[in-house]
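The residues making up each chain are set out below.
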Amino acid sequence: ETGVTQTPRHLVMGMTNKKSLKCEQHLGHNAMYWYKQSAKKPLELMFVYSLEERVENNSVPSRFSPECPNSSHLFLHLHTLQPEDSALYLCASSQEHGRTVDYNEQFFGPGTRLTVL
Amino acid sequence: AQSVAQPEDQVNVAEGNPLTVKCTYSVSGNPYLFWYVQYPNRGLQFLLKYITGDNLVKGSYGFEAEFNKSQTSFHLKKPSALVSDSALYFCAVSLYNQGGKLIFGQGTELSVKP
Chain A
1 ETGVTQTPRH LVMGMTNKKS LKCEQHLGHN AMYWYKQSAK KPLELMFVYS
51 LEERVENNSV PSRFSPECPN SSHLFLHLHT LQPEDSALYL CASSQEHGRT
101 VDYNEQFFGP GTRLTVL
Chain B
1 AQSVAQPEDQ VNVAEGNPLT VKCTYSVSGN PYLFWYVQYP NRGLQFLLKY
51 ITGDNLVKGS YGFEAEFNKS QTSFHLKKPS ALVSDSALYF CAVSLYNQGG
101 KLIFGQGTEL SVKP
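Residue numbers (the numbering used here), protein chains in the order written: chain A, 1 to 117; chain B, 1 to 114.
Chain A extracted, bound-state conformation (with noise of 0.2 Å):
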């Protein structure tokens, strides 16, 4: 596997199951990001990981719980959701060496589509 994976692709859920999507970035980078992406709408930041500790909560509703086990790793926890939660929902990484985060390319994953009935 190379670049940036994402599993499921697709996911179905009630509102009140619990679920979690995964990311496995194969590029040695040090950062990880969660973005949700609605149709229409400016992609939405929802959490940053650097070094593995998260530092960006972009006010995103306590449903939402990541999880970043390792540099490679990122999950994003799924629990009581609601229907307008329905997105896609994409993992990207980065390489930061100080504060060259800010302008390194961000390399994301495929996304996983999620539908809350």
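Mixed in with the good hints, there may be bad ones.
Partner residues are not named here, just some residues of chain A that face chain B (Cβ under 10 Å, in silico) [as the list claims (entries may be wrong)]: (1) Leu-43; (2) Phe-64; (3) Pro-66; (4) Leu-88; (5) Ala-92; (6) Arg-113.
Calculated pairs, DSS-like style, for lysine-lysine (alpha carbon to alpha carbon, straight line, at most 25 Å) [what the hints assert, rightly or not]: (7) Lys-41(A) / Lys-22(B); (8) Lys-40(A) / Lys-22(B); (9) Lys-41(A) / Lys-77(B); (10) Lys-101(B) / Lys-18(A); (11) Lys-22(A) / Lys-101(B); (12) Lys-101(B) / Lys-41(A); (13) Lys-58(B) / Lys-77(B); (14) Lys-36(A) / Lys-58(B).
It should be emphasised that the hints constitute simulated quantities derived from the structure, not laboratory data.
Each residue gets a CB set at the ideal place from its N, CA and C atoms; glycine is no exception.
Since the structure of chain A is provided, determine the placement of chain B on it from the hints.
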């Protein structure tokens, strides 16, 4: 507040013609500017970025973009469009010391017809 605007939801171009996808930004401080492309059922792919120096930046697949500080713009261009360039294009900005936080525009759908 920092923001990025892509004023056109859709751009239609005939194959072989030049294309331009527009982007303007509003930030406090010096921006780092990016273009990404998204093909159907795929994640975003990096095309090019402006950090500093020459205002004309060349990127992947023959794309280029020009940073214009006075007009706060970073338009994406290609001299001769291909049908395979049809995709969703996103402009994004990050700022110094913001931990890699990217602010995206809403995207522009590019359609290139034969």
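Hint check results:
| no. | hint | in the structure |
| --- | --- | --- |
| 1 | Leu-43 | holds (4 Å) |
| 2 | Phe-64 | violated (17 Å) |
| 3 | Pro-66 | violated (15 Å) |
| 4 | Leu-88 | holds (9 Å) |
| 5 | Ala-92 | holds (8 Å) |
| 6 | Arg-113 | holds (8 Å) |
| 7 | Lys-41(A) / Lys-22(B) | holds (17 Å) |
| 8 | Lys-40(A) / Lys-22(B) | holds (16 Å) |
| 9 | Lys-41(A) / Lys-77(B) | holds (23 Å) |
| 10 | Lys-101(B) / Lys-18(A) | violated (28 Å) |
| 11 | Lys-22(A) / Lys-101(B) | holds (21 Å) |
| 12 | Lys-101(B) / Lys-41(A) | holds (17 Å) |
| 13 | Lys-58(B) / Lys-77(B) | holds (10 Å) |
| 14 | Lys-36(A) / Lys-58(B) | violated (29 Å) |
Checked against the numbered hints given earlier, the structure breaks hints 2, 3, 10, 14 and satisfies all the rest.
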